[in-house]
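Novice: Take a look at the letters that make up each chain.
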Amino acid sequence: MPVLEIEELKKAFVPPGGTAPVPVVDIGSFSLEAGEQVALSGSSGSGKTTLLHLVAGILAADSGRVRVAGSDMTSLGEAGRDRLRAESIGYIFQTFNLLQGYSCLENVLLGMSFGPGADVAHARSLLGRVGLADRLDYLPRQLSTGQQQRVAVARAVANRPRLVLADEPTGNLDPSNARQALELIRGICTENNAALLLVSHDPAVLASFQRVVSLSELNRAARKEVAP
Amino acid sequence: MTLALLVRRSLRQHLLSTVVTALSLAMAGGLLMSVWVVRKQARETFTGQTGAWDAVLGARGAKLQLVLNALFHLEASAGNVEFSDFEAIATNRAVALAVPIAVGDNYLGYRIVGTRTNLFTEAEASPGRRFVVGKGGRLFEDGYREAVVGSFVAARIGLKVGDTFKPYHGLSFNPKEQHEDEYLVTGILEPSNTPADRVIWIPLEGLQNMTGHAAATATDVSAVLVKLRSPIAGQQLDLLYNKQGNRLTFAWPLGAVLSQLFDKMGWFDKVLELVAYLVVLVAAGSVLASIYNSMSARRRDIAILRALGARRSTVFSAIVLEAAAIAGFGMVGALGFHIAFLSVAAGVIRSQTGVVLSVWSWDPILVAAPLGLVLLGALAGVVPALKAYRSPVAENLVPES
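Protein chains in written order, with our numbering: chain A, 8 to 235; chain B, 110 to 510.
Certain hints may be false.
To be verified - The following label-pair restraints were derived from C-beta to C-beta distances:
(1) A:Lys-17 to B:Ala-398: 38 to 46 Å
(2) B:Ser-422 to A:Gly-138: 33 to 41 Å
(3) B:Leu-112 to A:Gly-52: 35 to 43 Å
(4) A:Gln-107 to B:Ser-422: 20 to 28 Å
(5) B:Val-128 to A:Gly-24: 52 to 60 Å
(6) A:Gly-138 to B:Trp-471: 35 to 43 Å
What the hints assert, rightly or not - Under 7 Å between C-beta atoms, here's a sample of chain B residues computed to sit facing chain A:
(7) Gln-122
(8) Lys-336
(9) Pro-340
(10) Ala-416
(11) Leu-417
(12) Pro-501
(13) Ala-503
Simulated from the structure, these hints should not be mistaken for laboratory data. Ideal Cβ placement from N, Cα and C applies to all residues, glycine included.
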């Protein structure tokens, strides 16, 4: 059974100053199997982040269906979506989104605490796995950008999620750190047999994936926008 | 564990506003508790401060003024009582003990009271406790120019056994009105925590016959302190002096007379209480404002927490708990402020009236007020918590690509 299934997913927003909703996401069908790693390419404004938010349940869809690990995200209430996100989805952001007042270890533990529960030994082991065993008590601002992204990766996979969403995870990194971060994300997903849906517009990143899906083809709303 | 971590970290991140808000709550809580305790203790201590006396006989006038003058050494005397009236009540079978007092002079602003030695030897300073003259001293002898000094006066103006002083005329100190008579200090009273500590005691005849006092009233006294043989005796004397007679006032029962003082001060009490409640409300408002104003800085963190799977209720609870925690810290400080406020108030009340308030005594308000304020703090946190509850996640995360 696919870890992620999308059917006729639609989302529209009323733009600032506008009155009529403008479609941002309009996807007919898309699926991702366990352990599968897919890169999603697309230009700015093509609805990449909105799609990831819909899949993660951060945004509610206007219509259509998103199934994650067998649960229908679109039929759940907000609390149910929160629970499903905490237990089954790991989210890596372009800007890392680490909590600045919390240490590396606390960032990872917090990620776990909303799901199955905080496991200090597992959190320490994960930070060791990403090369930060000696930085457990460091605050994010005390780390380099590459190290911050590694904490974000550890936090995203701490609950052993079935699906990992990565939104431009290398966008803020230099080429060397970008390569390392990408290898880390993919390696950990492979170890956990987690499906990975990674959004990027970096050709080097896209080239490293066997399956690359163009959002401008997948998303009918994006096609309409770019059409003359 | 998660909520505790969220609250702890948030308090640390907003340390300055946490400290300032907790301090304002501490002062508000301290003020509220102090107002309450001072009011309650003052009433209890004043009404229980009548020592072993049941009544006071004085010139016709207000009972409260008579009691304040005779027992608390406050206010002016309403007039004199003829010595024969003193003798009459002293020999009345309903009376166990009657001791005359005379006032009208001072030394450096401290009241000089003339009396007889049986005030110290036969009466009690407070229930179950007699006056004690400090080591190396003795009581004055009736008829001699000798004085026993209250502990508070002795400490303030440094009088000690063997010192001499010349009294000043009147109840207020005027350097131009010094008497020629010189008095020898024969003893210093041990602290009795009663108004007697604020007085210089001399023989009754000394005050009556002080140089410059009118000879016509030389045998009069200012008031008579009375101990009754039984409560029913009070009713008999009340009838005799207050209802049948019209020259004298018999102030009885003393507790009821003194409660008039607090009834008269009722409006002041209420104003003070209202001010304390207003300060508490303002402090609770500061909790609300401090957290609410920091909400824009917290939006991102809240969105990240939500993206990690935190429920709206978790975010709501964390903010309410944070507000309660700020109030909780404030209440720890409030107990300190309470002790400080009460110490100052007790010092002022003691120096003005001789009545001693206990700074460390237990009162249920010391638990009720902090609990109430923590609850109020938590309630103040509901408004920003609702804002956090409604905060959209997606908009506050990374900008859309």
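Novice: Please verify that hint: Lys-336 of chain B, Cβ, nearest Cβ of chain A, below 7 Å or not.
Specialist: Violated. Min distance 70 Å.
Novice: Classify the hint on Ala-503 of chain B as holds or violated, based on whether any CB of chain A lies nearer than 7 Å to its CB.
Specialist: With a minimum Cβ separation of about 5 Å from chain A (threshold 7 Å), the hint on Ala-503 of chain B holds.
Novice: Once the shortest beta carbon distance from Leu-417 of chain B to chain A is found, is it less than 7 Å?
Specialist: holds, 5 Å
Novice: Can you tell me whether the CB distance of Lys-17 of chain A to Ala-398 of chain B sits inside 38 to 46 Å?
Specialist: holds, 42 Å
Novice: Take a look at whether the Cβ-Cβ distance between Ser-422 of chain B and Gly-138 of chain A falls inside 33 to 41 Å.
Specialist: holds, 36 Å
Novice: Hint says 52 to 60 Å; check whether the CB-CB distance for Val-128 of chain B and Gly-24 of chain A agrees.
Specialist: Between Val-128 of chain B and Gly-24 of chain A, where Cβ atoms are some 44 Å apart, the hint is violated.
Novice: Between Gly-138 of chain A and Trp-471 of chain B, does the C-beta distance stay in 35 to 43 Å?
Specialist: Given about 58 Å between the Cβ atoms, the range is violated.
Novice: With a cut-off of 7 Å, does the beta carbon of Ala-416 of chain B approach a beta carbon of chain A closely enough for the hint to hold?
Specialist: Interface hint status for Ala-416 of chain B: holds (6 Å vs cutoff 7 Å).
Novice: Closer than 7 Å between Cβ atoms is the bar; does Gln-122 of chain B clear it against chain A? Give me holds or violated.
Specialist: holds, 4 Å
Novice: Regarding the hint that Pro-340 of chain B lies at the interface with chain A, is the smallest CB-CB distance below 7 Å?
Specialist: Where the cut-off is 7 Å and the nearest Cβ of chain A is about 69 Å from Pro-340 of chain B, the hint is violated.
Novice: How about Pro-501 of chain B: closest beta carbon in chain A under 7 Å, or not?
Specialist: Not OK, violated: Pro-501 of chain B not within 7 Å of chain A, min 9 Å.
Novice: Should the hint that Gln-107 of chain A and Ser-422 of chain B are 20 to 28 Å apart at their CB atoms be regarded as holding?
Specialist: The hinted range 20 to 28 Å holds for Gln-107 of chain A and Ser-422 of chain B, with Cβ atoms some 24 Å apart.
Checked against the numbered hints given earlier, this structure breaks hints 5, 6, 8, 9, 12; the rest are met.
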